[in-house]
Amino acid sequence: MSRVTLPLLVLLLLVSAVAAVTLGPADITAPEVWSVILHHLGLLPESPVSRLRDAIVWELRLPRVLTALGTGAGLALSGTVMQALTRNPLADPYLLGLSSGAALGAVLFLLSGFALLMPLGAFLGSLGALALALLIAGLLGGATPTRAILAGICISALAASATSFLIFWSATGDSYREILSWLMGSLSGSLWSDAGLVGLALLVCAPIILLAGRALDAFAFGDSAAAALGIDVPRLRWTLLGATALLTGIMVAIGGAIGFVGLVVPHAVRLALGANHRRLLPHAMLVGAIFMLWTDTAARTLFDPRELPVGIITALIGAPIFLLVLLRYRRIT
Amino acid sequence: MSGLLVDNLSVHRSGRPILTSAAFTLPPGAVTGLVGPNGAGKSTLLAALLGLVPATGIARFEGHDLPTMPRRDRARLAAFVEQTSATEERLSVRDVVALGRIPFQSALFPGDGRADHAIIEAALAETGMTAFAARRFDTLSGGEQQRVHLARALAQQPRLLLLDEPTSHLDIGAQLTLLALLRHRAGRGVTVLAALHDLNLAIRFCDHLLVLAGGRVVASGPPAEILTPQRILAIWGVHARLLHDPANNRPVIVYDRVAPGARLHNPD
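Listed in order, the protein sequences are those of chains A and B.
Residues 933 to 1265 (this note's numbering) are what the first sequence spells out, left to right.
Residues 6 to 273 (this note's numbering) are what the second sequence spells out, left to right.
One chain only, chain A, in its complex shape (with noise of 0.2 Å):
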């Protein structure tokens, strides 16, 4: 099934991006996308769009689109490996803390003067809610997914309240408003340079977690059955809880804490394909692409000429589907 499901996802994709860019307040037709991009190829040597509707696809629309693209693809292989090696259907970069805990690290590098060092922050940031939200769930007796909800929620409490003191002390008027809309979850303003950098994490990423697809199934019965098929599970674990953090603090950084596409689009995927890793893995990373894409560009399209943190419209979608979830996890939960 794979064989056909996947190339159609990539064309779905494909298709989705050229539109996409089309979509916005300057009407551009696909065949203008496609000439500025063939142009700035160096495939098309004359391109027949003018100067500033070159600019609205070059430097504007395409860097938001493949943000947005990596974005999804990078939320969605978090919440579904978290999911996996937790063994905790509600697992979900948002919803243990980690965003908060990347904002956190992101805010502090940001106000500190080290604004090229923001990704830094945002990923030292995730890695120690991570650390945190374990540490709490140890103390508690054990992960199991309430009590590692919970440790979440703490963090997350502690986190935010952190970084809004972190506001109210240093920021004044106009990066008052742009952090805040940052940390609702905006891809607005996104730059070539945010997505080379988005880009760039799930090319180290990405490789390392849809390799670890089968051993991600041996988990499903514990780790102790995964050990037994030869699997080092300590070290597997550390090297993709730490693919995890990385991916989520560089996405937290660009696109501030944007929910539950990590918990969405990984169970819509199980509910349609199951729960094999080695397919699922890289359907839920085209999946979370295309629906980041999509809700990113409604939230800048719908309420035209404002825009929407599209976090708000994940969150719009997402906290119902997570009730659903809950509900069809009760036994466990």
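Note that these hints are calculated values from the structure, not bench results.
A virtual CB, placed ideally from N, CA and C, is assigned to each residue, including glycine.
The reader is advised that the hints may include incorrect statements.
As the list claims (entries may be wrong) - FRET-style restraints, in silico, Cβ to Cβ:
id : chain 1 : residue 1 : chain 2 : residue 2 : range
1  : B       : A123      : A       : I1140     : 26 to 34 Å
2  : B       : P59       : A       : P1252     : 41 to 49 Å
3  : A       : L984      : B       : H122      : 55 to 63 Å
4  : B       : D78       : A       : T1078     : 34 to 42 Å
5  : A       : R1260     : B       : D70       : 42 to 50 Å
6  : B       : T30       : A       : P939      : 32 to 40 Å
7  : A       : I1140     : B       : T182      : 37 to 45 Å
8  : B       : D78       : A       : T954      : 54 to 62 Å
9  : A       : R1167     : B       : G178      : 39 to 47 Å
10 : A       : T1171     : B       : Q235      : 53 to 61 Å
11 : A       : P1252     : B       : D143      : 54 to 62 Å
12 : B       : R65       : A       : L1072     : 39 to 47 Å
13 : A       : R1167     : B       : P265      : 52 to 60 Å
Once you've looked at the hints, dock chain B against the given chain A.
Positioned in the frame of chain A, the structure of chain B alone reads:
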């Protein structure tokens, strides 16, 4: 062929001994029954042999020290069927059996080749699960799930097969089928060690018995010699008689009553 040689194997948990200086040898290509009351340490012994719990001592099989050898190599040599192994994941039966091929696949190209597929199908057929291959694992009955885990273990093509109460969820027909399957594997040179509760099944299907009580190996040998009324009384606290079954020339145990003051369960 050396079989399994275990010497001075001990497991401590929170400072308490769970398994104390276990020492025994298992003949190669034989079915050995691991018997003993609840809490005797049967599951711990099986886990310790595979390095799944921290243990001290030696467990040599075909020239390798099982607990300390590289885990991938060990998973190619020895397969384990745990007592309970459920999941919330939506995996198909074939997905679960395919897990048995993990130790044979390279990290960079972890796909099932043609040979893997053939082995998976053979394991499904041998356990009678072919018709279930596309079913979701979590919708199966306990007995069917146990058979799927056995099929997964067979897909590992092990030389040593460890099973923790593989018959616990099976009806009597399925129990006999499973034990016949283990005998068949043993006939092809696989060394089998299975924790069993049903002593009559153990007598009938095992070449060799290992009796565990209070974390110690208290007896080891052919079933008919090991399971005497005195030992059954001493270890299980049950008065029993052994009758002779002329059909297969083996004894049959008849349980009469629990001895006064005998504990039903070891506190654990």
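Hints and how they fare:
At roughly 30 Å, the beta carbons of B/A123 and A/I1140 sit within the given window of 26 to 34 Å. Between B/P59 and A/P1252, the C-beta spacing of about 46 Å keeps the proposed range 41 to 49 Å intact. Separated by about 57 Å at the C-beta atoms, A/L984 and B/H122 satisfy the suggested range of 55 to 63 Å. With their beta carbons about 39 Å apart, B/D78 and A/T1078 fall inside the hinted range of 34 to 42 Å.
Evaluation of the 42 to 50 Å hint for A/R1260 and B/D70 yields a pass: the beta carbon distance comes to about 45 Å. Range check, B/T30 to A/P939: about 56 Å between beta-carbon atoms, so the 32 to 40 Å window is missed. At about 43 Å, the CB distance of A/I1140 to B/T182 agrees with the hint of 37 to 45 Å. The given range of 54 to 62 Å is respected by B/D78 and A/T954, whose C-beta atoms sit roughly 56 Å from each other.
A hinted range of 39 to 47 Å for the beta carbons of A/R1167 and B/G178 is consistent with their spacing of about 43 Å. Range check, A/T1171 to B/Q235: about 55 Å between beta-carbon atoms, so the 53 to 61 Å window is met. A C-beta distance of roughly 25 Å is found between A/P1252 and B/D143, which places it outside the suggested range of 54 to 62 Å. For the pair B/R65 and A/L1072, the beta carbons lie near 41 Å from each other, so the given range of 39 to 47 Å is met.
Restraint check, A/R1167 to B/P265: a C-beta distance of roughly 54 Å satisfies the suggested window 52 to 60 Å.
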